[in-house]
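Spelled out, the chains give:
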Amino acid sequence: MTSRRDFLRILAAGAAGAMLPVRRLGALVPPHPPAATFGVARGTDTAAIVRKAVELVGGMGSFVDKGDVVFVKPNISWDKKPEQAATTNPVVVETVVKMVTEAGAKKIVVADNTCNDARRTYKRSGIKEAAEGAGAKVPFMEKRGFVSTNICGSVMSDWKVYREAMEADKIINVPIAKHHGLSDVTLSMKNLMGLIGGRRDLLHQNLPECVVDLAAYFKPTLNILDSVRLLKANGPQGSTLKDVVELNTVAASADPVRIDAFGISLFGDTIFSNDPEAFPHIEEAVKRGLGRSDFSGEGYMEANLG
Amino acid sequence: MKNLRRFSQILFLALFFFLFIQTEYKGSDELGLPVKFFLDFDPLIALSTMLATHTVKAVFLFSLITIVVTVFFGRVFCGWVCPLGTLNTIVGWFRMRRGRPTPNDGRFPRLRPVKYFILVFILVAAVFGWNAAGILDPISLTIRSLAIGYNPGVNRIVRSILETAYAIDVPGISPAADAVYSAMVGTVLAFEQPVFRQMIPIALIFSVILGLNLLAPRFWCRYLCPLGAMLGIIGTRQMMARVDVNSEKCVSCGTCNRTCQGDATPFPPGQWASRECLVCWNCRDVCPCTAVSIHPTMRKTGEGNVDLERRWLLSTGAAALLSVPIVTLGEHRERVHPELIRPPGALPEKDFVKTCVKCGECMKVCLTNGLQPTLHQAGLEGLWTPILVPKLGYCEYHCNLCTQVCPTGAIQKISLKKKQKTKIGLATLDRSRCIPYTYNRNCGVCEEHCPAQGKAIRFEEEESVDRRGRPFVLKKPYVIPQICIGCGICENKCPVVDIPAIRISPINESRHDARLYL
Numbered sequence: 000m001t002s003r004r005d006f007l008r009i010l011a012a013g014a015a016g017a018m019l020p021v022r023r024l025g026a027l028v029p030p031h032p033p034a035a036t037f038g039v040a041r042g043t044d045t046a047a048i049v050r051k052a053v054e055l056v057g058g059m060g061s062f063v064d065k066g067d068v069v070f071v072k073p074n075i076s077w078d079k080k081p082e083q084a085a086t087t088n089p090v091v092v093e094t095v096v097k098m099v100t101e102a103g104a105k106k107i108v109v110a111d112n113t114c115n116d117a118r119r120t121y122k123r124s125g126i127k128e129a130a131e132g133a134g135a136k137v138p139f140m141e142k143r144g145f146v147s148t149n150i151c152g153s154v155m156s157d158w159k160v161y162r163e164a165m166e167a168d169k170i171i172n173v174p175i176a177k178h179h180g181l182s183d184v185t186l187s188m189k190n191l192m193g194l195i196g197g198r199r200d201l202l203h204q205n206l207p208e209c210v211v212d213l214a215a216y217f218k219p220t221l222n223i224l225d226s227v228r229l230l231k232a233n234g235p236q237g238s239t240l241k242d243v244v245e246l247n248t249v250a251a252s253a254d255p256v257r258i259d260a261f262g263i264s265l266f267g268d269t270i271f272s273n274d275p276e277a278f279p280h281i282e283e284a285v286k287r288g289l290g291r292s293d294f295s296g297e298g299y300m301e302a303n304l305g
Numbered sequence: 000m001k002n003l004r005r006f007s008q009i010l011f012l013a014l015f016f017f018l019f020i021q022t023e024y025k026g027s028d029e030l031g032l033p034v035k036f037f038l039d040f041d042p043l044i045a046l047s048t049m050l051a052t053h054t055v056k057a058v059f060l061f062s063l064i065t066i067v068v069t070v071f072f073g074r075v076f077c078g079w080v081c082p083l084g085t086l087n088t089i090v091g092w093f094r095m096r097r098g099r100p101t102p103n104d105g106r107f108p109r110l111r112p113v114k115y116f117i118l119v120f121i122l123v124a125a126v127f128g129w130n131a132a133g134i135l136d137p138i139s140l141t142i143r144s145l146a147i148g149y150n151p152g153v154n155r156i157v158r159s160i161l162e163t164a165y166a167i168d169v170p171g172i173s174p175a176a177d178a179v180y181s182a183m184v185g186t187v188l189a190f191e192q193p194v195f196r197q198m199i200p201i202a203l204i205f206s207v208i209l210g211l212n213l214l215a216p217r218f219w220c221r222y223l224c225p226l227g228a229m230l231g232i233i234g235t236r237q238m239m240a241r242v243d244v245n246s247e248k249c250v251s252c253g254t255c256n257r258t259c260q261g262d263a264t265p266f267p268p269g270q271w272a273s274r275e276c277l278v279c280w281n282c283r284d285v286c287p288c289t290a291v292s293i294h295p296t297m298r299k300t301g302e303g304n305v306d307l308e309r310r311w312l313l314s315t316g317a318a319a320l321l322s323v324p325i326v327t328l329g330e331h332r333e334r335v336h337p338e339l340i341r342p343p344g345a346l347p348e349k350d351f352v353k354t355c356v357k358c359g360e361c362m363k364v365c366l367t368n369g370l371q372p373t374l375h376q377a378g379l380e381g382l383w384t385p386i387l388v389p390k391l392g393y394c395e396y397h398c399n400l401c402t403q404v405c406p407t408g409a410i411q412k413i414s415l416k417k418k419q420k421t422k423i424g425l426a427t428l429d430r431s432r433c434i435p436y437t438y439n440r441n442c443g444v445c446e447e448h449c450p451a452q453g454k455a456i457r458f459e460e461e462e463s464v465d466r467r468g469r470p471f472v473l474k475k476p477y478v479i480p481q482i483c484i485g486c487g488i489c490e491n492k493c494p495v496v497d498i499p500a501i502r503i504s505p506i507n508e509s510r511h512d513a514r515l516y517l
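So the sequences go chain by chain: A and B.
For the first sequence, the positions run 0 to 305 when numbering that gives the first Met the number 0 is used.
For the second sequence, the positions run 0 to 517 when numbering that gives the first Met the number 0 is used.
Here chain B stands alone, though its shape is the one from the complex:
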């Protein structure tokens, strides 16, 4: 049975990576594939977002499937499906291999309640308007960490190797490297080297989570994962897959405990904790005396489940309650941050921050690498939400990929036509840096690139004389705010590369009437 489980884990991990790689422009304006598939089936994301926004969205209905399956089978999602769970299984395997053969090796039963408190914190905070689920939800965490943390590094390393091989002018090597490179770019590797702000911290957090497996296998799943806690509670009855140890057959070897993927202690008999069980079937498969059985039952189960003391639950809830006013208090709520350029289709800021689960799919799919995770620009409640950084990448006029991948509708799916009319900001010209204004030389790169219908950047022509005394027509750009949609290609292409002479700020964005000042 555990081989079947492994097969399922690998299959879903492969599907996850396939969808991850497909979350990129592949030559069609419509992505087609459901790249947000895993998030759609995530009940924590659904519940937390519904609580925070007080709205029910049809897409959240998918997670009901996960809930129903969990009611009957327990945490099969954790044991058989979750990509982070599988990554943890793989790393944890090394720990299992060299673990000491004692029944309690690598187990920290006292830490079991932690994940429930994390869950309670998230849900209470959501009720009061802070949707923090995305930070620790395993699916969101994994997509974000891989997209922003790991993917740039992997790309960089593979590209460096292949480019070095390509540059060595040895017959046979260059063409081979070229062939491998061509085959990989746009398929496995990104089309262009991705660059992300906060790549290192986000990668480090994920690396620590993976590294914890060396302390205890699936440490994250056992003690920290809020989705695991939620599914554990939903699947407490686990009526189709109850683990039973026949005490008459049991020789108390403890092998079941040592191989338990969760921290569910099938041994000693009667101590099994159903909420901790990942339904991995290891205990049944390894038992030398076939004392362990897994079978359906209607009896109440989970005698060994952790008792969540009420005072701790209440304290956690209170902590969450108190944290919300603190988190939502800050500069970002007083005045819009000048870098807070949201992708087209983004909800009004307050709703956006409550709805976005920081999965990073929009940043992964962004054609120009312009969508980047925030740090402080949207406050702590908006940490790792997407902003457009025009200096790094502009918003491509004929592209709406980010609106297609958002799992919660924080970025609404809007048509290209609507997108091309959606103002995400406004260009302002810094005449003290602009080449024609300051240096009496023609430039015009911003005007050339402006894609807006009717041209948001135009020239004012002026008869001028160059430094050798020859007359010429000086073309001085200016911005037409009624037409500018803030796509940022002008800032991106401005030859004044350090502090561009034309810059986008979120003023005049169409999602806020209050900010439309022109």
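Looking at chain A on its own, in the form it has when it is part of the complex:
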């Protein structure tokens, strides 16, 4: 015989139980089709393909939490215009900043440790104007902003790291795919060199190990590869516009190895090989378990927006 008290208890528990799963399920069931782990979007509307690529991997909301401090790391290294494809496309950066804002981030910082004079590259790349317009802070990386930290890598140990990037809740890595004279390609992992200071010139002697050390240390929450324009020769800064092809492609994934593997596939016969495993940094990253090199495998989704 159930007492009234027990009945009420069961009723309350049942009501609570009925409410809980509904909320949990709400989080589990995405508003879109099941999220991929690797998204590629193609199309001439740059802002739209950035949004699509991120949407395919679950939307910015699944990477950035409300109230986060987010560090967005584009490539602003060179004193070149966007059409020279030596720096990340400003529209890509702008769209990423907007998406991060929409996801509820408290503060967004966009910065890079540049090769040419930062005042020039920030302006000429169009990134400062675009990112500030979208509401991000775009400071110059000054010497005092770097602190010594142990990167605990295979070749890198104590190194100067940009404090704001280190202390940010999330790092969104927004590289541009480019040819590179020394490492053949520069993609998501190498882009992280812009978060460190010190004698970066020395890293070139062990470039593959170093970029993997950096990827392992910074662990960007999301990598968004800009290949709207691809610099296929004379990288990383390019020479003439003949070195640039339009691909109108953006890829997004939390896995930097997969992003780099995908990037390699974009170059066609302009580089020595399109087999990701032939690139020492990919080989090294896979060996260390940072990700997969078969980018088109499980969880790959593609959208063509035309």
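Don't take every hint at face value.
To be verified - Below, a sample of chain B positions facing chain A; criterion: calculated Cβ distance under 10 Å:
{"id": "1", "residue": "LYS1"}
{"id": "2", "residue": "ARG5"}
{"id": "3", "residue": "ASP28"}
{"id": "4", "residue": "THR437"}
{"id": "5", "residue": "ILE456"}
What the hints assert, rightly or not - Derived pair list, reagent style SDA-like, types lysine to any residue, alpha-carbon separation capped at 25 Å:
{"id": "6", "chain 1": "A", "residue 1": "LYS122", "chain 2": "B", "residue 2": "LEU415"}
{"id": "7", "chain 1": "A", "residue 1": "LYS241", "chain 2": "B", "residue 2": "ILE167"}
{"id": "8", "chain 1": "A", "residue 1": "LYS106", "chain 2": "B", "residue 2": "LYS390"}
{"id": "9", "chain 1": "B", "residue 1": "LYS417", "chain 2": "A", "residue 2": "VAL243"}
{"id": "10", "chain 1": "A", "residue 1": "LYS159", "chain 2": "B", "residue 2": "VAL157"}
{"id": "11", "chain 1": "A", "residue 1": "LYS142", "chain 2": "B", "residue 2": "VAL169"}
{"id": "12", "chain 1": "A", "residue 1": "LYS80", "chain 2": "B", "residue 2": "GLN419"}
{"id": "13", "chain 1": "A", "residue 1": "LYS106", "chain 2": "B", "residue 2": "ILE167"}
{"id": "14", "chain 1": "A", "residue 1": "LYS142", "chain 2": "B", "residue 2": "GLN452"}
{"id": "15", "chain 1": "A", "residue 1": "LYS241", "chain 2": "B", "residue 2": "LEU135"}
{"id": "16", "chain 1": "A", "residue 1": "LYS80", "chain 2": "B", "residue 2": "MET183"}
{"id": "17", "chain 1": "A", "residue 1": "LYS142", "chain 2": "B", "residue 2": "SER27"}
{"id": "18", "chain 1": "A", "residue 1": "LYS136", "chain 2": "B", "residue 2": "SER173"}
{"id": "19", "chain 1": "A", "residue 1": "LYS136", "chain 2": "B", "residue 2": "ILE172"}
{"id": "20", "chain 1": "A", "residue 1": "LYS142", "chain 2": "B", "residue 2": "GLN419"}
{"id": "21", "chain 1": "A", "residue 1": "LYS159", "chain 2": "B", "residue 2": "LYS416"}
{"id": "22", "chain 1": "A", "residue 1": "LYS241", "chain 2": "B", "residue 2": "LYS416"}
{"id": "23", "chain 1": "A", "residue 1": "LYS159", "chain 2": "B", "residue 2": "LEU391"}
{"id": "24", "chain 1": "B", "residue 1": "LYS390", "chain 2": "B", "residue 2": "VAL326"}
{"id": "25", "chain 1": "B", "residue 1": "LYS474", "chain 2": "A", "residue 2": "LYS142"}
{"id": "26", "chain 1": "B", "residue 1": "LYS492", "chain 2": "A", "residue 2": "GLN83"}
{"id": "27", "chain 1": "B", "residue 1": "LYS492", "chain 2": "A", "residue 2": "ASN205"}
{"id": "28", "chain 1": "A", "residue 1": "LYS136", "chain 2": "B", "residue 2": "LEU415"}
{"id": "29", "chain 1": "A", "residue 1": "LYS136", "chain 2": "B", "residue 2": "ALA176"}
{"id": "30", "chain 1": "A", "residue 1": "LYS122", "chain 2": "B", "residue 2": "GLY31"}
{"id": "31", "chain 1": "A", "residue 1": "LYS136", "chain 2": "B", "residue 2": "ILE167"}
{"id": "32", "chain 1": "A", "residue 1": "LYS241", "chain 2": "B", "residue 2": "ILE156"}
{"id": "33", "chain 1": "B", "residue 1": "LYS492", "chain 2": "A", "residue 2": "ARG198"}
{"id": "34", "chain 1": "B", "residue 1": "LYS25", "chain 2": "A", "residue 2": "ASP5"}
{"id": "35", "chain 1": "A", "residue 1": "LYS159", "chain 2": "B", "residue 2": "LYS390"}
{"id": "36", "chain 1": "A", "residue 1": "LYS80", "chain 2": "B", "residue 2": "ILE156"}
{"id": "37", "chain 1": "A", "residue 1": "LYS159", "chain 2": "B", "residue 2": "GLY31"}
Calculated from the structure, these hints are not laboratory results.
Glycine residues also receive a C-beta, built at the ideal position from the N, C-alpha and C atoms.
Add chain B to chain A, keeping to what the hints say.
Chain B alone, transformed into the frame defined by chain A:
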């Protein structure tokens, strides 16, 4: 009236500092503001450069305005406009304050001729091809001393204070220091800490000039300034502002002499030296018996003007004449010095040295701090002229700011397109220091940074084996001299930092056909 004069002095000094601070990259490829404004109105720079180069440039016409004003009003430029004059007034004020109340306190009338001899020396030397005006011209001297001598130190001190405050992790202090720092960098402070060769000697010379004010107020303006001497001569008649002392009203207190900014001795009546008068109006304003008046006149004036004895004038001229062959005799005229990398747009060396007035504006504006003053590289005639020191800073590919600020056209204004084709030197590779060649390791930093159209640094690839026996592709850089413009970014970024493995020398520069060897 003297308050009006003070107002004018402060206004022009403020304008000078504003333009000085603006002589930096502020986000636009064109500077826009006339940062060389003061030099444009400087007749000594104009005259000396015209004499030395035998050319007349349109920009020198501005100085005619100064000349016309001086003819009518005397040395108003010195008294009301000159930034160095105002700095001297400010320092000299301390001397005036504690001076002994005698009419001749702080005056050295015997030194008055010195500045005229300096002027004569400069002009005679210019006629024979040595343009020395810039060394002692007050505007050039001030810009150079502040840019190269004082600015690095001021930046260093302010930055150290703010950085220390920033590093102290106390709530409230760090963010405050950060805010002040952010507001100051790129506005009042330089974007990057400037570093200049010869900072200390150039700052010391200027400090001595300022310090001389403690001996006599405006010592420099009274006894040394060649521009002051030139304007004094031009304005001898000073017909609109003649100082007169009414001897019937005068009680011989000597207050006018003591407050005289120049060394013009309004007292005793009839001894006033128009060439020494800075038109400061102090004498009229302080006279207790209103005996001093300043008014226009057509009468001949300046009874007290210093008599420049002919033998001294001739001796000075002779000294200048004899100095020219000595100054232009030297190693630098025989062979180009390996460090003599001139900025893009520089005239051929002989013309460049005659035209450059060593103001240092190009060094101040240089984006990378690579332009530095010479010491011996261009001989004494080329002292403090600009050279690129790639180890300290390279020539930014898309920048031509130095060509925009040159007051005399020693660095011609050239378009970016032309600049990017102008060879200022050539990179040479030192294979015994280069990492891939010597240590069998990849590096490639120079190739990565080379901005030249078509890449002046390329790789020669070679199958190699690392020390663990693993095969790899060794990329050995080499330079293509037809493409290299000598910007020096490769030398600047070379990881071999002490003696870079790739270095720029002025050989193959396009301003000399004789040096184009490739």
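Q: Could you tell me which of the hints above the structure violates, numbers in ascending order?
A: 1, 2, 4, 7, 8, 14, 15, 16, 20, 21, 24, 25, 28, 32, 34, 36 and 37
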